[in-house]
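The listed protein sequences derive, respectively, from chains F and S. Under the working numbering, think of the first position of the first sequence as -19, with each following residue one higher. Under the working numbering, think of the first position of the second sequence as -19, with each following residue one higher.
Fair warning: there could be bad hints in the mix.
Any copy will do: because identical chains look the same in the list, a pair fits if it lies in one copy or spans two.
What the hints assert, rightly or not - Here are the simulated DSS-like pairs of lysine-lysine, each with C-alpha atoms no more than 27 Å apart in a straight line: (1) K298 with K133; (2) K153 with K131; (3) K267 with K17; (4) K304 with K17; (5) K131 with K298; (6) K133 with K65; (7) K181 with K283; (8) K150 with K267; (9) K65 with K131; (10) K150 with K131; (11) K65 with K304; (12) K153 with K65; (13) K267 with K244; (14) K320 with K153; (15) K65 with K289; (16) K133 with K283; (17) K289 with K17; (18) K17 with K131; (19) K150 with K133; (20) K304 with K150; (21) K181 with K65; (22) K17 with K133; (23) K304 with K267; (24) K244 with K17; (25) K153 with K304.
Since the hints were made in silico from the structure, they are not lab data.
There are 2 protein chains.
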Amino acid sequence: MQSVIHVDLGERSYDIEIAPDAIDQLGERMRSLDLGKKVLLVSNPVVFRHYGDRAMASLRDRGFEVAHCIIMAGEQYKTLNSIQKIYGQALENQLERSSTMVALGGGVIGDMTGFAAATWLRGMNFIQVPTTLLAMVDASIGGKTGVNHPKGKNLIGAFYQPRLVLIDPKVLKTLPAREFRAGMAEVIKYGVIWDEALFEKMERCDRLDQLRFLPEELLHDILVRSCQSKVDVVVQDEREAGLRAILNYGHTIGHAVESLTRYKVTNHGEAVAIGMVAASRCAVQLKCWDEACDARQFELIEKTGLPTKLPSNLDIEKILETLKTDKKVKDGKVRFILPKRIGEATISDRVTSDLLREILPTLQ
Amino acid sequence: MQSVIHVDLGERSYDIEIAPDAIDQLGERMRSLDLGKKVLLVSNPVVFRHYGDRAMASLRDRGFEVAHCIIMAGEQYKTLNSIQKIYGQALENQLERSSTMVALGGGVIGDMTGFAAATWLRGMNFIQVPTTLLAMVDASIGGKTGVNHPKGKNLIGAFYQPRLVLIDPKVLKTLPAREFRAGMAEVIKYGVIWDEALFEKMERCDRLDQLRFLPEELLHDILVRSCQSKVDVVVQDEREAGLRAILNYGHTIGHAVESLTRYKVTNHGEAVAIGMVAASRCAVQLKCWDEACDARQFELIEKTGLPTKLPSNLDIEKILETLKTDKKVKDGKVRFILPKRIGEATISDRVTSDLLREILPTLQ
Ligand SMILES: NC(=O)c1ccc[n+]([C@@H]2O[C@H](COP(=O)([O-])OP(=O)(O)OC[C@H]3O[C@@H](n4cnc5c(N)ncnc54)[C@H](O)[C@@H]3O)[C@@H](O)[C@H]2O)c1
Ligand SMILES: NC(=O)c1ccc[n+]([C@@H]2O[C@H](COP(=O)([O-])OP(=O)(O)OC[C@H]3O[C@@H](n4cnc5c(N)ncnc54)[C@H](O)[C@@H]3O)[C@@H](O)[C@H]2O)c1
Ligand SMILES: [Zn+2]
Ligand SMILES: [Zn+2]
Chain F
-19 MQSVIHVDLG
-9 ERSYDIEIAP
1 DAIDQLGERM
11 RSLDLGKKVL
21 LVSNPVVFRH
31 YGDRAMASLR
41 DRGFEVAHCI
51 IMAGEQYKTL
61 NSIQKIYGQA
71 LENQLERSST
81 MVALGGGVIG
91 DMTGFAAATW
101 LRGMNFIQVP
111 TTLLAMVDAS
121 IGGKTGVNHP
131 KGKNLIGAFY
141 QPRLVLIDPK
151 VLKTLPAREF
161 RAGMAEVIKY
171 GVIWDEALFE
181 KMERCDRLDQ
191 LRFLPEELLH
201 DILVRSCQSK
211 VDVVVQDERE
221 AGLRAILNYG
231 HTIGHAVESL
241 TRYKVTNHGE
251 AVAIGMVAAS
261 RCAVQLKCWD
271 EACDARQFEL
281 IEKTGLPTKL
291 PSNLDIEKIL
301 ETLKTDKKVK
311 DGKVRFILPK
321 RIGEATISDR
331 VTSDLLREIL
341 PTLQ
Chain S
-19 MQSVIHVDLG
-9 ERSYDIEIAP
1 DAIDQLGERM
11 RSLDLGKKVL
21 LVSNPVVFRH
31 YGDRAMASLR
41 DRGFEVAHCI
51 IMAGEQYKTL
61 NSIQKIYGQA
71 LENQLERSST
81 MVALGGGVIG
91 DMTGFAAATW
101 LRGMNFIQVP
111 TTLLAMVDAS
121 IGGKTGVNHP
131 KGKNLIGAFY
141 QPRLVLIDPK
151 VLKTLPAREF
161 RAGMAEVIKY
171 GVIWDEALFE
181 KMERCDRLDQ
191 LRFLPEELLH
201 DILVRSCQSK
211 VDVVVQDERE
221 AGLRAILNYG
231 HTIGHAVESL
241 TRYKVTNHGE
251 AVAIGMVAAS
261 RCAVQLKCWD
271 EACDARQFEL
281 IEKTGLPTKL
291 PSNLDIEKIL
301 ETLKTDKKVK
311 DGKVRFILPK
321 RIGEATISDR
331 VTSDLLREIL
341 PTLQ
């Protein structure tokens, strides 16, 4: 099983390659691009311990000079401080414009490495080797890179495309189950907003809460269809002017929940799952989609072992307040993504604070 | 006298407008673009004292909500720290993606504001109102933005295009003469590498060392022809793959001189003037261009009151060493820009350390 998805963005085009043991092909795949010989591999301690040697060996075998930079694991290290650590390594190893930064890790490492690559020497080559499900199907695609500001997530960043995304499904074996489920939240999202077939394939599987319950083929399908969904949307709207907003399905409430619980109670995917439940109920209320669809989505989320209720002690008025500082606000209006049918979503400004005051208590 | 230069970069196209008192037109000109109503004006204390009120009034008259952020003047403040100060103001004033950052100042303010605009919320609108000659003819055009790293100039940055560049030649009246001459170094550069007519116009003026010796028309011509030169080059090579390198004429040695004297002895333009003298002599030696041209360039530089000799006590071996860490190095080779005739330059790798050991002492 091997699939290649071509991302057509003119001179910024690149491929997403999905294949078991792809990690050992990193050097070879990079050889086929026109890159300088210096490489800085950025990773975190856990991922580097599992896969660092294989990635570095593959690069060295193909003649690359590889240095590495290890950033502590965790969202709290996704800061300008860590970026400066990467800059320091880039300087020490005398990276040039033609050199490459490789992100080996989850979305945290991918976002930071991408931002460092976008801003060191005003842009160098960048390659993603995502190792979490979330990073594979979401974070590594679309060119969003960045870090957090002490006062808000992802406030600092740049749009910057990788030269290659290399996905090795086998690395998911070491991923903690909770992280796996977090990635599944985004997969469910693609099913709801874009790919009905993907949604149905997942419905046909008995359990989705742990990797081991998924047949290898289903996993491959999930990766390919999810990446393709995101690519479809991103290619039509690279700089987030319109359509791309639908990828924020479940994220408006999700972000508020994450931020109010200081990223300690739910992880991103769990918050998105809660957000999808909320958005779906709003959509039912607004007669935008029907209760049967709402029920099917709910069941899929439950079967994946994701939460469907707000964390306890969360003040609903605080959620409403948080939405106001959300960057999806345009001239003061909150834009919500609502599902229309399985496989299609729309942007709406009909979700008022009053509607949310009615819906959110049903998630408590 | 009013000129508009259109910069054609597809969806990133924008205009450079040159007109006396343009600063009072800022609000009106911005109205014609599709921008949100929030504006953050970034400036430094000197420039803001001279022109801040007029710029802010013009914006408010046209219905913009304007906040401002003042950064201390000087290259030593062109740091990630200052960027974080701008981020702080952006946050405090709740800027949105559709909001605009306006740079009112020289290249330092322009580079920083551009980088902040490029990286806050992954990119917001950005407008340049350059107030030094150097910023008007060089820094504000071409989309290079960024800050310094403790270990090197402009190592951190992004390519990011403004939505508009608004040039008011009258603000140059308050610019210190030394800063004016620094800008003139870049103007002479355009004459040598790109625009023979510009070079000849300057030759026909008796003194170029102070603004007041320049007829108003010559100043306008200088601004228009310099901007057009840079635009011509940049449009053909937005991301600095090839041609754009000729803009670095005089800059290879120039940067080394600046960095070795810790940016305290020469300013950028003075260093570039020295660099042009050095490059020109190398070109003569390599029979790339003739002595008559070398003499004409030398005379123009002298007439502008710019230095033609290296600062005293500068070790030539240190210069050679510094060239090695210059980011214009590709796989270890220094690329030099050499003039061919007045109005044309070329990229060459024929400038060896030995040649420089021969030429540089003639500048001591
Ligand atoms: N750029 C985008 O478009 C985009 C999209 C979605 C999310 N994001 C960002 O991605 C981040 C979240 O990414 P994430 O969920 O991958 O989290 P993460 O990068 O923090 O990884 C989660 C955890 O899994 C561990 N890990 C990763 N791969 C492993 C493996 N193969 N085996 C064992 N352990 C492994 C990591 O050490 C980490 O502790 C957030 O910062 C979010 O803002 C970005
Ligand atoms: N982005 C690019 O393509 C590019 C190109 C060239 C240079 N640069 C950058 O530009 C910077 C240099 O720019 P600069 O030469 O404009 O220096 P600057 O911005 O430091 O300004 C020079 C001085 O002039 C003062 N000043 C500015 N306008 C004035 C006015 N109208 N009246 C009175 N005083 C005024 C400022 O307060 C400052 O002290 C460097 O950091 C350099 O790296 C960038
Ligand atoms: Zn997400
Ligand atoms: Zn310059």
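Results of checking the hints against the structure:
no.	hint	result
1	K298 with K133	within (17 Å within a copy, 44 Å between copies)
2	K153 with K131	neither (35 Å within a copy, 42 Å between copies)
3	K267 with K17	neither (57 Å within a copy, 34 Å between copies)
4	K304 with K17	between (47 Å within a copy, 17 Å between copies)
5	K131 with K298	within (16 Å within a copy, 44 Å between copies)
6	K133 with K65	both (19 Å within a copy, 17 Å between copies)
7	K181 with K283	within (13 Å within a copy, 77 Å between copies)
8	K150 with K267	neither (42 Å within a copy, 61 Å between copies)
9	K65 with K131	both (21 Å within a copy, 13 Å between copies)
10	K150 with K131	neither (36 Å within a copy, 41 Å between copies)
11	K65 with K304	between (33 Å within a copy, 23 Å between copies)
12	K153 with K65	neither (29 Å within a copy, 43 Å between copies)
13	K267 with K244	neither (34 Å within a copy, 68 Å between copies)
14	K320 with K153	neither (35 Å within a copy, 61 Å between copies)
15	K65 with K289	neither (39 Å within a copy, 39 Å between copies)
16	K133 with K283	neither (29 Å within a copy, 54 Å between copies)
17	K289 with K17	neither (50 Å within a copy, 38 Å between copies)
18	K17 with K131	between (39 Å within a copy, 23 Å between copies)
19	K150 with K133	neither (30 Å within a copy, 43 Å between copies)
20	K304 with K150	neither (41 Å within a copy, 42 Å between copies)
21	K181 with K65	neither (43 Å within a copy, 49 Å between copies)
22	K17 with K133	between (34 Å within a copy, 24 Å between copies)
23	K304 with K267	within (25 Å within a copy, 66 Å between copies)
24	K244 with K17	neither (40 Å within a copy, 36 Å between copies)
25	K153 with K304	neither (39 Å within a copy, 45 Å between copies)
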